[in-house]
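**Q** These two chains come separately, so use the hints to put the complex back together.
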Amino acid sequence: MTPLPAPVLSQIAVALCILFILLVPLAAAGLALINAGLGRAHSAAHSMLASLSVIAVAATVYFVCGFSWQGFIGQPAHVFTVGGRAWSWIAAEPPFFRGLRLDGSTASLAAWLQMLSVGLAALIPLGAGADRWRLGASCASTALLAGWTYPLFAHWVWGGGWLAQLGVNYGLGRGFVDAGGSSSIQVVGGLTALAMAWILGPRRGKYGSNGLPNAIPGHSAVLVLAGCMLAWLGWLGLNSAGAILFTGAETGRVVLVAVNTTLSAASAALAGTVVTSMRFGKPDASLIANGWTGGLAASSAGCAVLDPAEAVIVGMVAGGLTAWAADWLEFGLKVDDPGGAISVHALGGIWGVLALGVLAQFSGQTSGQFLAQLVGVATLIGFVLPLTYGLNLLLNRFYPQRVSVDGERQGMDLHELGADAYPEFVSHSEEFIQR
Amino acid sequence: MSWVTLAMSEGYSMKLAGFLLLLAGWGIVLSTIMLIAPTPARTGFVLAGIAVEALGLILVARSHLEPKGERQG
Chain A
58 MTPLPAPVLS QIAVALCILF ILLVPLAAAG LALINAGLGR AHSAAHSMLA
108 SLSVIAVAAT VYFVCGFSWQ GFIGQPAHVF TVGGRAWSWI AAEPPFFRGL
158 RLDGSTASLA AWLQMLSVGL AALIPLGAGA DRWRLGASCA STALLAGWTY
208 PLFAHWVWGG GWLAQLGVNY GLGRGFVDAG GSSSIQVVGG LTALAMAWIL
258 GPRRGKYGSN GLPNAIPGHS AVLVLAGCML AWLGWLGLNS AGAILFTGAE
308 TGRVVLVAVN TTLSAASAAL AGTVVTSMRF GKPDASLIAN GWTGGLAASS
358 AGCAVLDPAE AVIVGMVAGG LTAWAADWLE FGLKVDDPGG AISVHALGGI
408 WGVLALGVLA QFSGQTSGQF LAQLVGVATL IGFVLPLTYG LNLLLNRFYP
458 QRVSVDGERQ GMDLHELGAD AYPEFVSHSE EFIQR
Chain B
87 MSWVTLAMSE GYSMKLAGFL LLLAGWGIVL STIMLIAPTP ARTGFVLAGI
137 AVEALGLILV ARSHLEPKGE RQG
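Chains as they are written, first to last, in my numbering: chain A, 58 to 492; chain B, 87 to 159.
Do not take every clue at face value.
[Claimed, not checked] Now the in silico label distances, taken between C-beta atoms and shown as ranges:
(1) 137/A with 110/B: 34 to 40 Å
(2) 63/A with 122/B: 41 to 47 Å
(3) 68/A with 113/B: 44 to 50 Å
[Claimed, not checked] Here are a few chain B residues that face chain A, going by a calculated C-beta distance under 10 Å:
(4) 99
(5) 100
(6) 101
(7) 103
(8) 105
(9) 113
(10) 114
(11) 116
(12) 118
(13) 127
(14) 132
(15) 135
(16) 136
(17) 138
(18) 145
(19) 151
What the hints contain is simulated information worked out from the structure, not anything from laboratory work.
From the three backbone atoms N, C-alpha and C, an ideal C-beta is built for every residue, glycine too.
Next up, chain B with everything else stripped away, as it sits in the complex (with noise of 0.2 Å):
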């Protein structure tokens, strides 16, 4: 199975998203750091981040719902 077949089945695309999601999260909380002065806006901006992070971090977690307990090793 190609890579591109693998990206395509199997629920991976929901998984890519989620981390894209996680690392896009994680991003806006280090631009926000680098970027606004210490206002109250830098906490909001701060926990905006965090919550993509969380956003991502549920698609990750659904996209391996389905239980792979009988698949082969």
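Same shape as in the complex, but just chain A (with noise of 0.2 Å):
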């Protein structure tokens, strides 16, 4: 099949994207110092290890083959027929990005930001493997995401795949759409956290005899909100860059895709804010946290779309959604995520899919666009999901994922690292173990 063509850039566009690009590592720092925070104290140096191991893992990966499978529109891929429509299910680039000119071509800017978009996925799965993942095994179920789970959902979305032809094969609306990568980083990347956690199981001691959850709180809401800070910047960079490359945004519309981002995640803070409080007599800083992580990725999907008034109503639910669920999973399906990976990512990133589907007007044909979403989450829960959970259960077959009993009641960092990350502070987190 002829490949579709490849959207041109002018001189500014390649200058901003760059710049958006360059922001988006603190969207990573920002999820991993959050990740860190709701963890134990006597995992907070293993987990900000794990994720500059999961980052690096990634982006080694994705250059060896991941970029080969995922491609970019207008480069080669593989394509069957079906009723005389052409379904593209595979890029078929060469491996090392050796189809590839680094030279700021709107491929190499977008095999760039990709580098670091599956470094980000392959952080979220950390935070719901906190407090009991092997440093090595979690490096493995990375390359699993980096070099295969990850690259075939984007192809479909941002390669030229068959969830973005929807539109043009099948009259679907504009086909499935999302700018910053609601569903092929977060939700992609939240389904493998529900993976692991399900594999994994619950810490020791998060679930007594009676089967009711021990609470286990995060050693550091001030790492946690830092890392919040951090993320809304890297996300300001993901969304306006992937605004450009993947919708063929014009530039002066970045103004709208910041202004849609802060709000999305602020109207979601505040709307944890008032839940929390309502429920608990007193705002839930992790929850709140968790809030504003979940109107970020609930942003991605409509930023470049939206109106803002849109965008704060994706930021309510998602922040009203985050706290719910986040409860929902831990008292009613006895899903023990120390760092909300899986409301705040699968859930918020789903609803983002959706509300774009919902809530956005384009010019021309816009009929079908939320089938077009709907088929979109379709695919993450009926092939993703168990794509995730076969590969990394398989992994878990070969290379036991989970610390040893010893491990996990000694810390990770004393059992894997040799060292704790505060070894001059006493800490009580035993108290929550059961011996």
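**A** If you want it as structure tokens, here you go:
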């Protein structure tokens, strides 16, 4: 099949894209701090090292083979035809970026952004596996995510794949639209987090013999809230660069993207404040932080096409949803997710994708947009979740991912790294662990 | 423990059924998009596929309800 034409960017758009992509590592730094702060003090250094390690593994594996599966619009891809309509299912790029000229071309900017985004997606499961996921196993799991799961879905959305072509092929609006990665980054990472929480099981002492959860509070609200602020800056870059590269937004539209991103996060944090104040009598820092991040995750899909008032609605629902879902997962489904990765990234991202279908006003053909978004969500739940669960379950058979009982009692820092993050502090974490 | 023994124990059959339902629901959605013209029926079939996925998700979630916090790594 003849590849679709690649979008051509003006010089100012290229310069802006480079600037925005340079901001994206701040989102990774923010998520790493959030994950570390919501875990135990005895696992803080391990959490930060795991974050750095999975970013390193993700970038390397994506360079080796990830981009060759993902590709970009205008690059070669494997296509099969059904009823006369082309289904592009995987890219056909050579490995090691050999098909790319790293010269500021649109494809090279997309590859650079994706190399950072895949690290962001790989950080998300670390939040769910905190305090019990071995360092080597988290790196191996990241290799599967960055080498196969992420590139495959990202090709379907951003590489000219079949989801992006639903509009052209089947009259579903503009096809599946996601400017900043609510689906391909947040939901893929969030569903992998769910798979890992299921495979690893809850932390020791999380659930008592009566089946009720015990509170194991995060060790540093300061780290968590500082992480939220860094994540905000990173998301501004992520959404702006994504809007230009993947939806062809004009450079002036970046103002709308930045306003929408900020409003969505702000309204989500406010909604989280109201919900937790009503529920507990006081605002809860960790749930408000989850609301903020959930607002950011939900903002990405429609940041370039929604009005600011609609972004506020997206954020408010995301903030309420994450606060409610965190309790539902912990009490109802007995899923131990210390970092709130599933409620924030999986549910927040799914809401962002669906909200675009409900709220966005496109010029021209718009009917069927919600259905296109719905097909994307069905693909995430019906295909990506079984895929990522199956791959990690298989990995777990050959390379057990959960730390030993002694290691968990001792703390991940001492057990895997040989030294605590805060050696001079007396900590009381043992009171949460059943002997 | 062999794969067959494993599949028959520890609630793996419920998990397996759940994941098969997830894939089946996705299959219904894809088939609908490919085969049915843009009518309200198409939306209905897509929603039916998502309902099958929801059933699968419920089964998978139920198969993981038993706390595993005390197990060895």
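**Q** Are the hints correct? Go through all of them and say.
**A** Hints versus structure:
no.: 1; hint: 137/A with 110/B: 34 to 40 Å; result: violated (21 Å)
no.: 2; hint: 63/A with 122/B: 41 to 47 Å; result: violated (32 Å)
no.: 3; hint: 68/A with 113/B: 44 to 50 Å; result: holds (46 Å)
no.: 4; hint: 99; result: violated (15 Å)
no.: 5; hint: 100; result: violated (13 Å)
no.: 6; hint: 101; result: holds (9 Å)
no.: 7; hint: 103; result: violated (12 Å)
no.: 8; hint: 105; result: holds (5 Å)
no.: 9; hint: 113; result: holds (8 Å)
no.: 10; hint: 114; result: holds (9 Å)
no.: 11; hint: 116; result: holds (8 Å)
no.: 12; hint: 118; result: holds (9 Å)
no.: 13; hint: 127; result: violated (12 Å)
no.: 14; hint: 132; result: holds (6 Å)
no.: 15; hint: 135; result: holds (6 Å)
no.: 16; hint: 136; result: holds (5 Å)
no.: 17; hint: 138; result: holds (8 Å)
no.: 18; hint: 145; result: violated (12 Å)
no.: 19; hint: 151; result: holds (6 Å)
Going down the numbered hints, you'll see the structure goes against 1, 2, 4, 5, 7, 13 and 18, while the others check out.
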